[in-house]
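Using the sequences and the hints given, assemble the complete structure.
Below are the chains, spelled out letter by letter.
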Amino acid sequence: MKCLFFLFIFTLIFTMPVMAQDMNIGSVNALDTLWVLIAAFLVFFMQAGFGMVEAGLVRAKNAANILMKNMLDFCIASIGFFIFGYALMFGGNGALLGTYGWFLNGIKGPDGLPLYAFWIFQAAFCGTAATIVAGGMAERMKFTAYLLYSIVISAFIYPIIGHWIWGGGWLSNLNFHDFAGSTVVHVTGGFAALIGTILLKPRIGKFNPDGSPNFIAGHSMPLVALGVFILWLGWFGFNPGSTLGFGDPELVARVTINTNIAAASGAIAGMLLAWGKYGKPDLALTLNGALAGLVAITAPCAIVTPMIAILIGIIAGVLCIFGVRWLDLLKVDDPVGAVAVHGVNGIWGTVAVGLFGQAVLGAPRNGLLFGGGFTQLGIQALGVVSVILFVVGSMWIVFKTIDAMVGLRVSEKEELQGLDIGEHGMESYSGFEIFTTE
Amino acid sequence: MKCLFFLFIFTLIFTMPVMAQDMNIGSVNALDTLWVLIAAFLVFFMQAGFGMVEAGLVRAKNAANILMKNMLDFCIASIGFFIFGYALMFGGNGALLGTYGWFLNGIKGPDGLPLYAFWIFQAAFCGTAATIVAGGMAERMKFTAYLLYSIVISAFIYPIIGHWIWGGGWLSNLNFHDFAGSTVVHVTGGFAALIGTILLKPRIGKFNPDGSPNFIAGHSMPLVALGVFILWLGWFGFNPGSTLGFGDPELVARVTINTNIAAASGAIAGMLLAWGKYGKPDLALTLNGALAGLVAITAPCAIVTPMIAILIGIIAGVLCIFGVRWLDLLKVDDPVGAVAVHGVNGIWGTVAVGLFGQAVLGAPRNGLLFGGGFTQLGIQALGVVSVILFVVGSMWIVFKTIDAMVGLRVSEKEELQGLDIGEHGMESYSGFEIFTTE
Amino acid sequence: MKCLFFLFIFTLIFTMPVMAQDMNIGSVNALDTLWVLIAAFLVFFMQAGFGMVEAGLVRAKNAANILMKNMLDFCIASIGFFIFGYALMFGGNGALLGTYGWFLNGIKGPDGLPLYAFWIFQAAFCGTAATIVAGGMAERMKFTAYLLYSIVISAFIYPIIGHWIWGGGWLSNLNFHDFAGSTVVHVTGGFAALIGTILLKPRIGKFNPDGSPNFIAGHSMPLVALGVFILWLGWFGFNPGSTLGFGDPELVARVTINTNIAAASGAIAGMLLAWGKYGKPDLALTLNGALAGLVAITAPCAIVTPMIAILIGIIAGVLCIFGVRWLDLLKVDDPVGAVAVHGVNGIWGTVAVGLFGQAVLGAPRNGLLFGGGFTQLGIQALGVVSVILFVVGSMWIVFKTIDAMVGLRVSEKEELQGLDIGEHGMESYSGFEIFTTE
Amino acid sequence: MKLIVAIIQPHQLPAVKKSLYEKQVYKITVSNVLGCGEEKGYQESFRGVQHEVDLLKKIRLEIAVNEDFVEPTIAAVVDGARTNTVGDGKIFIMDLQECIRIRTGERGNRAIG
Amino acid sequence: MKLIVAIIQPHQLPAVKKSLYEKQVYKITVSNVLGCGEEKGYQESFRGVQHEVDLLKKIRLEIAVNEDFVEPTIAAVVDGARTNTVGDGKIFIMDLQECIRIRTGERGNRAIG
Amino acid sequence: MKLIVAIIQPHQLPAVKKSLYEKQVYKITVSNVLGCGEEKGYQESFRGVQHEVDLLKKIRLEIAVNEDFVEPTIAAVVDGARTNTVGDGKIFIMDLQECIRIRTGERGNRAIG
Ligand SMILES: Nc1ncnc2c1ncn2[C@@H]1O[C@H](COP(=O)(O)OP(=O)(O)O)[C@@H](O)[C@H]1O
Ligand SMILES: Nc1ncnc2c1ncn2[C@@H]1O[C@H](COP(=O)(O)OP(=O)(O)O)[C@@H](O)[C@H]1O
Ligand SMILES: Nc1ncnc2c1ncn2[C@@H]1O[C@H](COP(=O)(O)OP(=O)(O)O)[C@@H](O)[C@H]1O
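Chains as they are written, first to last, in the working numbering: chain A, 3 to 440; chain B, 3 to 440; chain C, 3 to 440; chain D, 577 to 689; chain E, 577 to 689; chain F, 577 to 689.
Just so you know, not all the hints are guaranteed correct.
To be verified - Derived BS3-like pairs: lysine-lysine, alpha-carbon spacing no greater than 27 Å straight-line:
id	chain 1	residue 1	chain 2	residue 2
1	D	K599	F	K633
2	A	K333	E	K594
3	E	K616	D	K616
4	D	K603	C	K415
5	F	K594	C	K203
6	F	K603	F	K578
7	D	K633	E	K633
8	C	K333	C	K203
9	A	K333	A	K279
The set of hints was computed from the structure by calculation and includes no laboratory data.
Nothing here was measured: the structure is a model prediction, and the numbers come from that model.
This is the structure:
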């Protein structure tokens, strides 16, 4: 890690004279820039949302650890996406990856936006993809392993997928449509979490010898609720900001209403289903339902009407509840529902484009239910499957390598005592009496 | 509830072809749209503020329940205001209610704003009115009853009042002035909370046999403080955003400074008064004072100078402290001060327009103290009284009906154990040792 | 305090007719105004961030007290900066202080911005400077003493320093460059905290008889992490908003990326150093590192490239960890690291302008490492030293006077029991079992 | 001297304190415990996983008294805590061999009150 | 009658409860304690200041039983709590002079279960 | 064997631990309790409603010792906890009939330390 730093400092001194000339390229649009920056701030704030949701859903003894992971993955994404990521994602029209613009050197932003404004928006997205994984692998993953993983996903894996879809790569050439990242961000994060949590194995005590899941409750529902509100707010940057400008206010407004209404429907659907299935309306599942709606509307938010957004949200809420259940049945332990929320609904949102997209609203072509046939649906399916294969394959290698290098999982003793003490030598709630029997 | 859902889906499929054509009506102003959207995001975020304030002010055993209510009322408002509410509020110039635009079909936004942008701003307001009630009825209201109430207030009651004042109804024809909703939002929410909390009766143990109130402390002051900061932030969307555009930057700036300075004065006045009355500066009452200032300035924020805003804030802080006290004396149990903050100060703010409004700043006419006589004051009083009568009357019927249908209040056993366990089968702070003797 | 209030009301009635005419001066730019207002909202929200960080880093028994201080200092700053502060800061080009514009009467905003918009942005900054001190003096300072201190710093001390640097005073004439306030806000706040914490003496039990520091852990890491995320978000208003307009989108974008990347580097550097020094990655120190990066980049954010921002952030993170250590060695008890974060890195950021500033990016002249020689470095050093001397001198007098008037520090008994009970008669976490042995 | 330990329902604590005061028993030590007895537990569920909670919140009182106070104290606790429903609780009585007031070093009967 | 007090590792509580149930001991009172024994503590640090934590989280069980249940109860606790590592805990046994069921006022052996 | 239960002021715990260590008493169990004694309570208020708090935070120590350690332990606790102000606390001593080390099954005097 230290050498990485010296590398920075060295490059820095070396490139100093070059950098100063990069400023003031081309003409930029002030309103568009302002919009993208504000959207970037909101997307950045989603880190706080993820932090609170994930911290609230784990036990008190692991809260500081997950917050530390959340904070650090964004920091690492900021640096990694600066040095490598942006270049890989936007450095030219190669089918597979970008090839120039390391350290943002010798590269421009899109028309009308300053490079640095576009970068911060993209970097915030990159941080989001990285942070999803923290939750799925919570309560047992080593901190050093997490740092290494963060570097790889934010500097390499995510940018490559981003390049395919948003950076001029092969999927964007096929007219694969993912407006704000159901696939780019959420499928990537969700499936990285899935493979990670499978490799890590379940938490001690999560499954009984007979395979039935045990009750391990999160330690702070207020944090979870706060986190979901923050994420919902952040999504108003995530989706509407993905217009990358304010040239079409109608479009921005449509994206906004769809985002909001899909989240609301997801929460209601999730609540009702959980109520029916388990007898009581479960707060954590309801909140997961809202997030599921948000994830699902992320790809199609620009190209559907609010009525369709409601439908997409309802199905997302339902899929999320079943997703949580399926994982329990498969004995995959995903403490915060990262896979059910981001993985499953990332797929659903991407596919929804092929079902409900309307060319008149800007879709590449009409979806299946609007008479456009199976073409777009096929492209969407191809895209999402490719991304899943790439993520699962590459992350499997990454996690295995990290495991061999430093180990993925903490010791049993540390897990029982809590990662806060084990990894950071501290308690999250110093002085509070906490009753724990796991 | 399920049928409602099927209704959605059905209508959805039915109206699909219609919807697509609604896009791109008229010319819209980009800057105005951007401003309204950002304001809408901030107003949305007030849900988190209410959630944190209310959760913090109740006991730990009821925190998840109130958060669930907060989350769900916004979700329901999003859907209800989409299907019915917007049409009732903005569907034509009827004196009493709007009549078209169900599902946002066949209706336009105001000049210069996309329909959907205007909708999200208004929907966030609607959610705010709904959520105020959660606090006043906290710690004993059944969750199902709350869901039913939410549907009614956000789809019907609030939009009708909104129509009277902002939608071209009878009060707006009389030049009743309520810039950002002291009456529309806060009197509505506050008096719905008042009637609700009276019908519910006080919490077990709140009043002694001799009628004196008992001490029932909120469980988390940090959540309350956080919530107030978030609400204050949200109010910068609520009031300045109610300009519905950025054509007059001076106006927006004036609204902003007035909002801020009334909140500050309310907090200081509330603190000093509570200090004088009870011997110590009380955090919860100080925070209530800040909110009281915000509520009071909401109606007059555009048409007074900052000096007057300070005065309005001070009086608001004072009224709030007395309001809390009066309710205790009347044996009305309002756990979070919803009535004192929103009800009492909603009235005060509305009346303040008639006292301090200045025509030169955009008021319909000068207020009493600026030589305009009693006319505007009379109109303001008429408006606020009408709204109170309507809210109290209609909500009395609504709550009585709900009580007959599913019951308003949880069982005594559930109340003692906490609504988190009773209604949701969970604890908010799993693992924490919590000492409770009520 | 009461007379202050009557003074308000009196002045208010007296000046009423005057105020109404102040409106609508000159032509303002809508986009610039919008940008500054949004930035002001974000800076306002930093109060929540400070509140959460400081509350989380103190013990549970003092949490409500620090939150109350945070809330009140902003309220007082709002009023004090309205009556006196703005006039002292921006009322003319005197070398030492402004002389007109009391109550914002007879004064204008800068070109293109409404006075009130500019005021709210500046007032939010003023509140920030005031609130920094709460943390450094936490867990033992009397509440009344804090209120008095708040009035003085926000109405007088901060505005005078602001005048020197941003209001046309002697340092701005020397071309001292402090883009967004490393010196104006953070050195001021940090050194006021330093002198305050020295005068207050360490908390009971902080230092052993042999001088070694004791472990006094903060009570809620999730609050601290949330607070840092909020602060980071707020800094996107603080620095980019200090452009005071959106005429140069490239500039705003550069400020934004620099802000973000310095924070990230500060966190990473802080974490690695703490890890190396103390064996484990410490969450609180990592978060302090992020804040240190933010503080340090505040002065030079506009006039350096991102590579330099990384370097500045790294050094800030390192300085912060050493700063915390040095204070422990000097037996100065700063519970939240206010001095190390704001004081030390405020200096570093200011000096960095003289080292790395580039004229081509808008610096007054090139810094030492860009061939500009020692001139700018000297000016920066002169500025920061002058401010430190002024702050330390004036605050010493202020604190000594307050001590003589009402006493600075609570009684030993109150300190042991906690200031929440002692000063406010309440507990922050009513019902929670909290184990405390100090 | 005896040490009386009582396990009661949390919401009966104010009533128990009141009836103890009436019998001039002013010194008590209270703690939070979880109890498993005849009283039925309840179901919790989290993210769809059910869980039977059988450890219920109770309050534990510890009261050291002289012999002549034993029966009044028992009566007072029973009086305050009894609601005639399952879960009302138990009282345990143990022999207390010595009692020391830290402040003064007093021992025995004089130290207890 | 005896009062059995056991200090065990928190994560052994489910196992102890299970083995107690198997021996028909259903009524217990549980509380959170901190224990200092042979088990080694751990280091905490906060903002660079180190601190040795020697009070470790433990669970305290209180079980009142009739004489004939004493040995089975001890056996059950040992059975459930033993992992053969330092820190497994202790069992303390005291004489219980009286036991009263608050709900009914029953005393002695009949009240205990 | 005796079981020594001491109720002390929370902020005296470090001193008590220190003086116990000096007397070679290393094994203790600590818990959080609320105590009502001679010490005066304080007023709380919440939203204008006043409330007299008479249950004050205290620390409860449980120490099982062999006979010859009883007096040294008492002396150590008094030494560490005494500040000569009301509220310093109490020490209660009970007979301990048996003690079992769960890890080894050892009983009696050998198990206690
Ligand atoms: N034998 C026992 N040993 C320890 N604690 C007991 C015992 N019996 C009862 N308790 C405690 O008393 C509480 C109330 O007991 P329970 O049997 O439910 O009451 P009741 O018999 O009056 O209905 C239990 O939750 C438990 O904490
Ligand atoms: N003599 C004692 N007095 C009070 N508590 C004790 C005593 N001995 C042990 N304990 C409690 O039991 C716990 C486990 O004791 P320890 O000596 O670590 O176990 P073991 O001897 O089985 O390895 C301690 O943390 C402490 O709470
Ligand atoms: N008789 C008693 N029974 C139970 N607990 C007691 C008794 N006497 C004192 N205590 C406990 O000891 C604590 C200190 O007692 P207090 O009488 O205030 O001390 P002192 O007499 O030394 O001034 C009390 O808060 C209470 O928890």
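Hint check against the structure, violated hint numbers in rising order: Of the numbered hints given earlier, the structure breaks just one, which is hint 3.
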